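Chains A, B and C, in that order, are what the protein sequence lines are. Residue 100 is where the first sequence starts when you use the working numbering, and the numbers rise one by one after that. Residue 24 is where the second sequence starts when you use the working numbering, and the numbers rise one by one after that. Residue 989 is where the third sequence starts when you use the working numbering, and the numbers rise one by one after that.
A couple of the hints might just be wrong.
[As the list claims (entries may be wrong)] Output of the computed footprint for chain B on chain A, the stretches with three or more beta carbons under 8 Å from beta carbons of chain B:
no., stretch
1, 181–194
2, 224–231
3, 502–513
These are computed hints drawn from the structure, not numbers from a lab. Just so it is clear, the structure is predicted and the values come from calculations on it, not from any experiment. Cβ atoms here follow ideal geometry from the backbone N, Cα and C, with glycine treated the same way.
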Amino acid sequence: MRYSILNLARQAWRGHTGWGRAWRDAAPRDGYDVVIVGGGGHGLATAYYLARVHGITNVALLERGWIGGGNAGRNTTIIRSNYALPGNEPFYEWAMQLWEGLEQELNYNAMVSQRGVLNLFHSDAQRDAYARRGNAMRLHGVDAQLLGADAVRAMAPFLDFENARFPVQGGLLQERGGTARHDAVNWGYARAASALGVDIIQNCEVTGFLRDAAGAITGVETSRGAIRAGKVGLAVAGMSSEVAAKVGLRLPIESHVLQAFVSEGLKPLIPGVITFGAGHFYVSQSDKGGLVFGGDIDGYNSYAQRGNLPVVEDVCEGGMALMPMIGRARLLRSWGGIMDMSMDGSPIIDHTPIPGLYLNAGWCYGGFKATPASGWCFAHLLARDEAHETARAFTLDRFRTGHLIDEKGVGAQPNLH
Amino acid sequence: MTQPFRLGAGGLIDRSRTLHFTFDGKPYTGHPGDTLASALLAHGTRLFGRSFKYHRPRGVLTAGSEEPNALITLRSGARAEPNTRATTAELFDGLEASSQNRWPSLKFDLMAVNQLASPLFVAGFYYKTFMWPAKAWEKIYEPLVRRAAGLGALSGLEDPDHYEHDHAFCDLLVVGAGPAGLIAALDAARSGLSVVLADEAPLAGGLLLAERVSIGGQSGADWAAATLAELASYPSLRILPRTTVFGRFDDGEHGAIERVADHLPIPLPGQPRQRLWKIVARRTILATGATERPIVFDGNDRPGVMLASAVSTYLNRYGVAPGRRAVVFTACDSGWQTAADLLAAGVALAAVIDARGQAPASLIAPIRAAGVPVLLGGQVVAAKGSPLRAVIARDASGAAQRFAADLLAVAGGWNPQVALAGHLGHRPDWREGIAAYALGDGPADLAAVGAADGVYGLAGALASGRAAAQAAAQALGQSAALPPLPLAEDAPHGVSPVWASGPCRGKAFVDFQHDVTASDVTLAVQEGFTSVEHLKRYTTLGMATDQGRVGQVNGHGLLAAATGRTLAETGTIRARPPVVPVAIGAFGGHHRGRHFRPTRHTASHDWAAERGAVFVDVGQWKRAQWYPQPGETHWRQSVDREVNATRNGVGLCDVSTLGKIELIGPDVGTLLDRLYINLFSTLPVGKARYGLMLREDGIAMDDGTVTRFAPNRWFMTTTTANAARVMQHIDFARQVLWPYLDVQAASVTEQWATFSLAGPKARDLLRAALPEVDVSNEALPYMGATTLRWQGHAARLYRLSFSGELAYEISVPAAQGDALVRHLFAVGAPFGLTPYGTEALGVMRIEKGHPAGNELNGWTTAADLGLGRMASKKKDFIGRVMAQRPAMVDPARPRLVGLVPEDGVSAIRAGGHLLAPGAAPVAASDEGYVSSACYSPTLGHPIALAMLARGADRHGETIIVHDPVRGGDVLARVVDPVFFDPAGERLRG
Amino acid sequence: MRIPCPFCGSRDSREFVTRGDAAPTRPNGEEGMFAYVYLRDNPAGALEEWWYHAQGCRQWLRVSRNTRTHQVSGAILACQGGAA
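With the sequences and hints as input, model every part of the structure.
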């Protein structure tokens, strides 16, 4: 049933008995044209766009647990297209444009809220670096403004301008950046993909691959039986190396834990997304009132989906340095995900050397904002066997050729990105 | 002021003292030992808050930190603390509290109109609407939602209190000082273990303080106090009251929050408000007890409906009757205890309804004997009235009965509190016998005892505490003979799982704070959200400030029933830290304001400050940026003067912040050959050489100079920003990559103070300042170095130039730096010695085209920087292979160039991009960026360094500097990056 | 997390810098350099990795740790046989 205020009101009258399952909990069939491994936001979006844009509906999406249970369901919900490098910016801007029409596209309120993303700077060198980034954004036709301290103060008067160790000098503002509700994105894509015929198969873990005599991929072995496939696309984020190892593939990826935090619900306080430039801290306020914030990765390889106290302290120190009013707000809950940190901090959407196997990975801690474009571009690759124009730089072999996309400029050390 | 609901006697309160406080501006009284909740209940207050979504009037549900309803804002002004639980706020004289989430008042909240639309506002309704028109979510709906969201408000003012951090190390951490925890701590101490005992309450005893029980012939409270006193006699035992262990982390580290001063009006002078503890324990015992769960029925959120154990707590511990006429609704034996407590306190008991068909006769008999109606196998169907007026029930035959009551005590069973175990991934299992989730096979270093392990009898709790302590001691190789346990009895503690009661058609709440009802759970299941995680996210059940401690398990029970699964099959969610919400300020500790990061001063800092220097942050260092003279009103005046004075006379700059590394050993040269792109093993003694090192991926990492003072004694400098990184890199090289090389390395960045003396008169000044040293060009040529002694201290003199002038660097031990700089200025007066700061330093190096941090930005290769020829072809070095990758040697890559404005006056700014003239301002036209820029007083016009595609071949071309975020385009000419003295004549001679 | 530094004893991981997998061995020539710099096993389970005691003895340690449970089972000095 279509989601609308009219139907909601009708159903309210009838005790809401008319709503059906948001997506079919499908059982696996013998084979599909395309099997997508990974039921996070990227996998779900890929399945949707395969069906909607390319008319490929004989698709199975396999998720070892419950859809949206990994990074897709535990991130800080930020969306933005403020990248400096030409390999990245067109892609993230394509994602932003897809975000802007997503609710109508999916008939699901993903609560896309473009309240602005403000990156603060605290030195001349940082200002110039953000100017460089802002100018790059403008050359790509994306909105960017460089604000001075006074303009930042007008936007966010609660920042510490008096007593700070590293006073705020200004910020780079992308007004079109903001947040979206992560669960809604996952469920919205799932519902729409399922309605188009995609089989969403939960509690189905890929345990191996089926290959023909030439070594090409012909399907997957799973905890719910073997499933044949014309093509297999991997979208498993932090589990990429583990899954790829089943076909002997080594990837330029390390899995790391990123912690994220939410405070108790408070009346509105923070208008948009703010990132601290002199420490690891970024924050926004959810529609339920909780401050959603985070900082850096813990720094060591991890599959545990949890981190340790040093990061909690580091993040809260940053928060207190930036906005000392939050001292009396309380941290309510923390969680951790498994980040697929790539060797240059940028993603991979590409064929693998193994025919029939495609890879979508390397999103580091920035995968959520990419969700629509990642799905779009991965679907494009799976459907047409060529990269979408916005994702041409996300090749697997770029590390060999040197065409790195390294926003931070820190090199082949994943935990520095 | 009367307290009509205060019992005549009893309670752990000091009736001899009266405290005064206000709630929503109205004055009240209470006693030391009260919480805000107990004191208000003593006055007969029923209404404490409004719920999140429906703004339903709410009262107190519990007596502990799991309270979901009675959330108030404590204090006002900058110390205002929203979402404080009235049930744990210790009463103090002058306390101010205000209700939240209501307008205009708690009693008449207009937002309660939401309830009329409640059929619309079901779980997840917002996903199904708010989509039209397209921009309306953000412009209209969302602002309304956000204004209605949240419960309390932050003051917006800086938190005036401070927070400390502390550490503790122990053999055994006992979390919880109830009977099981007290015995465990005592036995562990007796066995010789070092122990930390933490409890969230101000008094030890746990539920002993709430129940009328005896241990060893004493009242529970007296026994707890006596045991605590005995514990205090052990020096290796630390007791932390008012301390909640909120998180369990790797390797025995626990986070705990001690509320040092929250029970006082304001902290005492010097006292932190709270203290964050990091406790590293070899073993941990969870004596965290169990929390009671409610039952879901229509109207179960009315003010006056309370958990049975909370009723007992208010009666016994606080001497308060939460009502005058009560009904007890129970699914477990402990509810009958509350009935007995009510009778003992003289509260009228209208009925006891037990959802089970039977209960122990020993519990029923005294209730019946008092003439109280008993309904076995009965159900509460609805609670009526706000505040509560009546309870509608059905007996076992289905006949309806109505009881007038203003208090309904609900006992749905108990949930062991094992969230801490869950933090490291141990999800509890469903234990059929106690109808609850409890720790199954936990990790070896963790044990749950007492109620936390589902052992609800008092004697059993003591025994389990002892057993766990003995096991811990044994594991750590200790033991002792222990005296017999004090005498105690196990009261009956049977329980049946009863999740819901009655039709649950209207407002039957599962999660009170988020207004999640039983029908929301039904709807979620209907829509396919059938895993516990999906149910939680879709309905937001368990995501409120109580983190599901009250309602989560009931939600699981309803989910299991709706999906035809057992609770064992349903499982439970993963617990996450913190167990209770913890102030963000507590995690931040003392690293606030100016203390967020350390401030590092160079040896000349005080001297520079005396000279009026303006300082700039360079990492954590303060460096003099320029030294304004009287009459100078703009920084350009100062900087231009400093540059001119240096290039025409002599200037001094403190360059102590550059990284310095001492390298000793016969293989240093070999190591340096492998780290730098150029050769160093050929460097003669007494000479210095500039070097560039790469990352292993072929990108330039850092540059500096290396000086060889003796065959096996070398000295390296790095950039300020990379000092630590390069040290780490050297240690990796010599310890991991080539451990057979005989090299020692030490960081000496802070050990030396170094000053640069630059300008045509530099040698003359040095002759006057260091008369014993031969500073002639023959004795100390360009790139030469020597050691000397200055005022009895070891010193080093290098002939190095960053400015392009005749220049030296002089280093003395840091403690002598202040004396040296003063000496140089005393001697330097006749030469017009001028101090110059980082701005002038930067101008001069840009004039000379030196790459610095802006160019060594993590994207550039040696060739990009024009240093490709430095790379030796005769040896391997880190980064050599990867630097040959196709993209790294592509001739179209950006190369270092100089830029000058065509009009001779327009400023060029770093961060601008480069476009060919006439090219459209789009990404495809982007040919590079400006990396460094300044006004050159030496040349009389602005200059810049930039990275331009194929730049080396484009000298003389015109280029557009495109900087739309700051201003208009500037037409510039591409030139050689060395703007001044390209032949380097001023350096030599 | 605590690291059992052979010199300094059990120390908080805050004192250390992590570099990553210790398995890759730096080759002497071009052969294998790409894999050394860029490819990783990234196992979910036992891992040997390099930790640098930056705020202590400044030794590189080869630490044995499980990436699923974070459990550290041991650490040896790189320069005493732990090096590749």
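Evaluated hints:
As drawn, the stretch 181–194 of chain A meets chain B at 3 residues by the rule of a beta-carbon pair under 8 Å; at three or more, the given contact holds. For the stretch 224–231 of chain A, the stated coverage by chain B holds: 7 residues have a C-beta nearer than 8 Å to a C-beta of that chain, and at least 3 were required. Given a C-beta distance limit of less than 8 Å, the hint that chain B covers the stretch 502–513 of chain A holds, as 8 residues qualify and 3 suffice.
Violated hints for the displayed structure: none, as all numbered hints are satisfied.
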